Amino acid sequence: MKSLVVALVGQPNVGKSMLINAISDARLKVGNFSGVTVEKTEVSFEFQGVAIRIVDLPGTYSLNDYTQDERVTKNFLENEEYDIIVNVVDATNLERNLFLTTQLLSLDKKMIVALNMMDEAKKEGVCIDEKQLGNILGVPCVKVSAATKRGIGKLLNRIVDMVHFKYEGSKLTFSEPVEEEIEKIVNFLKEKRYKGDENYRTLALKLLEEDKKTYKKLHDEPIWIELLPIIREALNHLYIHYDTKDLSEIFALERAAFAKGAVMETVRFEKKDVKNFTEKIDSILLHKFWGIPIFLLFMWTLFQLTFEIGSIPMEWIDTFFVLLSDYIKVVFGDGALGSLLADGIIGGVGSVISFLPNIMILFLGIALLETTGYMSRVAFLLDGFFHKFGLHGKSFIPLVTGFGCSVPAYMAARTLKNDKDRLITLFIIGFMSCGAKLPVYVLFAGAFFGQENAGNVLFAIYIFGAILGLFSAKILKVVVFRGKDEPFVMEMPKYRLPSFKLIWHTVFTKSIMYLKKAGTFILGASVIIWFSVNYPKQPKLEEEYASRIETMQDEAQKSKLLNELNQKKLEYSYLGEVGKITQPFFTPLGFDWKLSVSLVSGLAAKEIVVSTLGILYALGENVDEQDRSLIKNIKNNIEFPVAVSFILFIMIYLPCFAASIVFAKEAGSYKYLVYLFVFTTLVAWIVSFVGLHVARYLT
Amino acid sequence: MRLVDLKEGQEALVVRIDADEDLKRRFASLGLRRGSQIVIKAFSLNKSTIEIKIGSTLLALRKEEADKIQVKVMEKI
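The listed protein sequences correspond, in order, to chains H and L. Going letter by letter, the first sequence gives residues 1 to 699 in this note's numbering. Going letter by letter, the second sequence gives residues 700 to 776 in this note's numbering.
If you're looking for bench data, these hints aren't it; they were derived computationally from the structure. Keep in mind that a hint or two might mislead.
[What the hints assert, rightly or not] Which residues of chain H face chain L? A partial, calculated answer using Cβ under 10 Å:
hint: 1; residue: 11
hint: 2; residue: 95
hint: 3; residue: 244
hint: 4; residue: 278
hint: 5; residue: 283
hint: 6; residue: 385
hint: 7; residue: 387
hint: 8; residue: 393
hint: 9; residue: 487
hint: 10; residue: 494
The model shown is predicted, which means the values in this text are computed figures rather than measured ones. All residues carry an ideal CB built from backbone N, CA and C; glycine is no exception.
Next comes chain L alone, as it looks inside the complex (with noise of 0.2 Å):
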């Protein structure tokens, strides 16, 4: 599923992104990239914006990129 599809609270596993090489590699500098977890901390109204927590830094997303990450929900243990 991508990132956009997940719920406020809920921690996922980033499997592929499907983004140019620029913005993937963005991505990587601030920690995102293939194998990282992720928490989804908070939506803007119609959710055009996402802010998520990777490792112990916050990142701001649009939608329009958050499109381009697919993860895989992760089980509470």
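Okay, chain H solo, but in the shape it has when bound (with noise of 0.2 Å):
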């Protein structure tokens, strides 16, 4: 079978992974604010007997490489092996988008040209002759809209026909003054039969931009010499003409000039001046005044429902398992193995999967803010702000996706350009307390705070390490990362409505996640907490309480007793041990060994400090009989600064483990991973440690 690699390249915002979504109907996020694209993607699919491998690169305005992801793109078209570009650009704001295209027109490749979202363009009246666009750029130029699916077929016969064409060569032209420049140089190289891999106009036109890697070959070559006068004469040529030595400037007011000039040949705007929808919106969102107070007012909401709604199902789920472990003890009896899977399994895992409903709001809001391009918006509002604490408005960004998860927040932070911009945005994602932290906050705040007030806990949580985050920051950018600011032009995406398949798409996706991650991770560090809490079994122990137990007559006296021995039981097992040797490091902050051991465990993943908590105090003392769930035993256990001590340091230690791989990777070396572990584990500590204090001295 043939087989056949498609390169997809288009700038941020124009639609591409949802045009991949709808050729493929592949699972792909798709988000409207730069970067949703971080690492290439692919995807395989057989198309009339052709196997089709269509390779989404991260969006990029220009093939310039000014940041880390457009450098992603520009190696692999210039390095990689692939056999068509398809460029895909969004029909309603074509100039601008035409630009990437004539850089890609020197490239030298196969290309066809997707005139997305055709549909928005239709409504807004924008009507593109594609026929004659596809003339003045030398290459096919096909209508499609990827939101209602238009198009698609034909874009993909035109892509496996392609293949059997040779290619002509773009057409792409320059103002005359530069194509008189060009001309002198081909028929010099003419003349002198020139033999290399490159077309002679392709040669011509890098040696007038002063591509580097052209310059070093033929700087090798016997040619040289008398090139380099036709050359220098060319250049000065167009610095007179232009009144500038800035040959990047002369080429990008010439490739804009090209973009512009087949615009006004092939596009009409039927409809006049309709009052845009986008700037209506922004002229409140983007409000000097009320625009700050408004989006805090969006994220404070967004955390009073994660709250409020979420704990509606969350209390069916935690009847569910609390019976479900009854009638497994019912069933197994109350030895080893009803204990495994009524208090390990079903305890750590059920607590886990409880939070689910939270987890699943966090994620729509934060969907919502990817998708509607309002995050770019408040990357505007609160650059100003940022920029004093030593961050770029961008940082907000990879921020605000780090509530949900630090591992895409890490990559996120690509779009970032300047190097110590980035590592202080890397360093401080933590902060942003992820998914998974969910879960022990709703806990606590539930546990010690009551249904009304928790949903703004939650927020001031958040808050507070967001606040926490800015400083640190500051501090980082002052002591460690000093240096030049990276300039903020950033692009203000449309508003546009996303697709509720899309979202629930994204939601539904992240929920299995979860699930999965419930399924086989935890349930795993389940069962070795299970099993390390359990055992060695003490029989001596045992012996001795139970002859002790027997002469009591008074009940009350006998679950004194039990209580005694269980709590001995948990003290003498492999965890407690764990707990006595971390204990020393933790008890200047109120944390008594169970609450250590959950937060080493929880170093693995956040939810283990939930399902660690879970198993500990199903098994442990003051099991209240009538309401067995985890709250009520973490209210009854737990005085309230030590919980709020415990949140703290929740809050700002090291994310989980995954998370610090990807770090690790992002930041380029893991000796910033040490650093990170330092500096987190540090903050930490101290915050908790005056937290406590503060706590105490107010009850």
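Given two chains presented individually in distinct reference frames, assemble the corresponding complex, making use of the accompanying hints.
Next comes the structure, spelled out in structure tokens:
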């Protein structure tokens, strides 16, 4: 079977990911801000007997390697093997999009231009003559709409067709002064019958654009001596004509002029100036004084909903698991197996699953923020503020993503150009509490603040984490990562109503991932923790207590002794030993060995903190027989100041194992992971310590 | 005059950009270059960030960048 590699290239926000979804029903995330596709993603499928592999490259405004993800795209296009480029352009913003197209044309590869978002263009009264545009560019143009799935089949047909034809070269032309100089160089090369890999026109153009590689290559050839004066003269002509010696500016103007000309010849605007929907909304959301309060209101609402709505199904799930574990104990008895299943597995996994509703609402909120285009607005609003703390407005995007999960957040930081800005952002992403920390917060907020305040507390925790992050950024900027600021230049995408399907899809995938983690990783961890809580067995201790209990007549005293036994057993278990080893470190923060252990196990994943607590408190003392929910147990066993200190520690210390690995990768070295570990642990310890004493003082 | 000196809603023509090559290219790929027509859409507090419109593109700039862009106000006809 024939195979075909397609490179999908386009500017950010042109609906590339959505198009690839429409083409292949692939499960890619789609977002409406720069940097959703941070790594190239691939989709393979079969079409008309041809195996097609589409490589979706990160969105790039040009091939100038300005940011790291733009470099990914440029490197791929210049160095990797592929058969054809599909350049996706936003039909409603053609002129600017064609700027990239002109650069792609210079690559001398087979290419198709996909005019995406035709449905929107039609609504806005934009009519495009795609045949004429194809003639001007020298490559076929196909109208498509990823949203309504129109034109997809046609696009695929063209892709397959193109393979059979020889590439004829682009028709990219420049203004007369440039063309003249190109011709002079081409003529000279013809006369000399120069033999090279590229055609003369491309070579001439690269020389005029001062392409370093081309110069290096030609520099070693005999023709160089004669070529040099011709180039020098050509450049001088251009300098005079353009009144600048900045070649990149000259060619930027040239390409822009070409794009403008192409648009003028092929696009008609049927409707007159309709007051733009996006601008109307911007006048409210970007309001000088109301903009930031509106944003805070949105965030507050999100956290309120997360708790209020999430707590309803959470209770059902909780009740279900309590009943289930009771039932299992009836079936399998109170022995080791029954305890493993009921206390270990159900206790651990169940407590994590019960937070699924909260997680879903949080991810829904973040998905909405990402896909509507509001995220860039917030970056605009907050840049002035962020800048004071040594951060970049764009840092906002990875930071908000960090509320969902740190892993994509670390990757999203690639949109920052400056390495120091990027490192600072990477270092403080952990302060934005991720979804996995949410269960811990919900648990403690619910236990200590009651239903009516829990949402506010949740909001306060997140905000406090964010503020702490800002101050840490400032400290890092002043002490460690001193340097020049990165310019803030950012496109504000159009507001788009995300399709319900897309949002649902994002939330659904995230939920499945969460459940999968609960069913595998957390399940395994729960078994390990259950085991290390129950072993080694203490037959001596049990005998001693059994005989003491028998002598007691009073029921109350009997149960008191039983509790004492349980506590002693826990203390001498494997986990108890681990707790004791780490305890000296945690004692000043008020944590007993149970909390210490859960923090240590939380290094693997934050959900495990809850499952560990679930197991420890299901087996431990003071278990209220009427209501064995974890919330009650937490409330009865932990004093308020300690809870505050615990929340603070959770908030700040190292994110999970997976995130740590990604962090090291994105930061570029494992030494940064060591720094991160020391930095976060230190801050966490200090803040918790202060928190504990402030809370003690206040209560 | 500089882009920062414009008022909300004013239209202007870019006459010169005094930025380094990197930033200039970035501007160009977003449609901001010598000869571009721009409209000021919004300022954030203290003018620390500025939203401008070029063609159908909305662009956010920081004050420091807007300082580097020289413009000429276009008279409304």
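Violations among the numbered hints:
none
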